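Participant: Based on the sequences and whatever the hints tell you, model everything.
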Amino acid sequence: METIELLILILKFILFPGALFCIAYGWFLEWFDRKLYARFQNRIGPLLTGPKGVLQPFADFIKLLAKEDITPAGADKFGFTVTPLLTLVVSLFTLLFIPIASLSGILSLSGDLLLVLFISTVFGLLIMFAGYFSGNRFSIVGTERTGLQFVAYEIPFALSVISVALATRSLEIVNIVTYQVNTLKLPLIVIVPVAFIIYLISSLAKLEKIPFDVPEAETEIVAGWQVEYSGKKLAFFRLATDLKMVFVSGLAVALFLGGPYGPSIPGLEPVFYTIWFIIKTLVVMFILSNLRSLFARYRIDQVVRGFWKYLIPFAVLQILAVQLLIFLGVI
Amino acid sequence: MLEEEVEEKRVFKIPVGPQHPALKEFENFTFTVDGEKVIDVDFRIGYTHRGIEKLAESKTYIQNLYLCERICGICSAAHQGCYAQTVEELAGITAPPRGVYIRTLIWELERIHSHLLWLGVAAHEIGFDTLFMLIWRDREVVMSLLEMISGNRVNYAMSTVGGVRRDISDELKHKILKGLDVLEERTKYYKEVCMKEQTILARAANVGILSKEKTLKLNAVGPTARASGVDVDIRRDDPYGAYDEVPFEVIVYDTCDVLARILVRVDETIQSILMSRWILENLPSGEIRTKFARKIAENEVLGRVEAPRGELLYYIKSNGTDKPERLKVRTPTLANLLPVAEMLKGGYIADIPIVLAGIDPCFACMDRALFIDENSEKTWVWDKEQLRIYSIKWYKEHGKEVVRERWKQ
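Protein chains in written order, with our numbering: chain A, 70 to 400; chain B, -17 to 391.
No wet-lab data here; the hints were simulated from the structure.
Fair warning: this is a prediction, and the values are worked out from it, not measured in the lab.
Glycine included, C-beta positions come from ideal geometry on N, C-alpha and C.
Each hint should be verified, as a subset may be incorrect.
[Claimed, not checked] No farther apart than 27 Å at their CA atoms in a straight line, the calculated lysine-lysine pairs in the DSSO-like style are these: (1) A:104 x A:81; (2) A:378 x B:178; (3) B:277 x A:378.
[Claimed, not checked] Chain A regions said to be covered by chain B (calculated; three or more residues, Cβ under 8 Å): (4) 103 to 112; (5) 368 to 380.
Facilitator: In structure tokens:
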């Protein structure tokens, strides 16, 4: 009996809703993002690989795996090789905490919200290492910018998550989801709308999307921190970026949009929850793609100033508002 | 001493080009940067030297029409038209009015397409890809108009010595007028976008400042000069073609930054649309070209036009045969190169692409053999090495004070 349970757990980790599902869904999200972005710009976007080009990110991945993998002479060989792997592993690991097919993630422990926040911070650090280890001038500038941007977005990101934790009085993702499902019977976005907006803006910076794609600004510093990466390593980085997209939108769903919960037929919850999860993350991705097609790229000083001047005060105000609501006994 | 060493380590050099995503052509700029700040700029030109001027000496006047057109892909009509009218003056013939009008129409349509292209590139440089895509979509309208008139999208081959090669029928005229309406509406919309969109303002306003004094001193031309408050336009100052008859305004802004350069070009596009419409409505009837004797007696002429990027200068010397003895071209980008180095100093790395793009550079058409500087009515000839030495010397003398001034603001 125990072996069967163990087998199911392993299958959960590897197949669904673990690594394979997340990777496939990451590619799907990349396709969705690219397609939407293209349509906003009156372009066609990915078209030929698979129906409507849906397999394009997968094809890109395979193509990159087959490409020559160059390690520059000036690079730190160990760091240069390890960082892409580590980035991929870390982004896969965070996804284990995201509730996809049930109200809790595959892994769930008390205080896992803090753990997830901490690991998501490691993304930024790893990017800095990636640029630093490759020993290229453009990478160094990209690394500096990543560091600066990191200082800018990480705090509002954390503050917006904290206001959710305060409102639900819990640091456990499963409790936050069940609070929305059972106690509040509403998604938390109704209570903390400002935190949701701040979360979205900071996650644009976290994902390095326009208008915050400063660390890899193509026209300025070529590709920034990833300029020296090629072949398999670049493929891993790109896959990690896709997984980060799943993570950011999945966490947004769990924290603000009531998790994967939705109307479903009893007994078939995992299927329906997955469908609701996909619909809700697509909505989040739709907003993110929309935002990134609307703006020009900010300069790094403008990014830092903007985040500290506007987002952090609003995040603090949101926390105060939550405190007030708790004090009044509304939530 | 220790402080100096630390300084030394913080400062390092970033090469931009010969291959770089921000540059669509080959050119090398070396930026000395301290973190995100640009301290010094050095540039090296000549990567696309094609020996066109020498080649022109071995071709006839008619063959050279198509060679000159290929100096620049974007302002091909300006090059060809300028060459054609300079040869006309050399030979002492005048093109018939209808021919001149059609030539002017092509120039203005080309200005529309060039400015829209630039606007798209500028949007791309500041990371606003949506605007880039939409502008380039609308630019297709004017591209198809040019294709309808000339049969080509890029090198129109419309001008010839003594007039133009194709006529415009009434049916075509109506199509062009319709296309111009679309363009006018869209361009006005883009002007509004450029003036109101906060991210564009954040990246363009007060960036890449070039003061009026420096503009005059460093001899900037075209929209770059007009954005710094210098009121120059060859079309008005030294009318050629049909410009003495066509009504138009010279657009001048005096904020001296990238935003001014954007707005000058948007407004000029609107002016060009109005001018094209006026030309079509007042198109004189008659012949489109006169005959031209193949051999030209000994003579020399300096012709200039206002290309989309600024003053374009052609010097042609004839020697009694059917081939020119000397053909010399000075394109606007060369004149704008020293000013752009001036604009870049003291800025941020992030501003390099948009400031560089701000002069609408066309390096391929700039790279020929020599450099003629027309400063304060004196004319002398420099090769690119001397130019480089000059720029280095100039920075050594003035670099620090310019940076200091910039940081005071």
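Participant: Compare the structure with each hint and give your call.
Facilitator: So, going through the hints one by one against the coordinates:
no., hint, verdict
1, A:104 x A:81, "30 Å, violated"
2, A:378 x B:178, "21 Å, holds"
3, B:277 x A:378, "72 Å, violated"
4, 103 to 112, "holds (count 4)"
5, 368 to 380, "holds (count 4)"
Comparing the model with each earlier hint shows violations of hints 1, 3; every other hint is respected.
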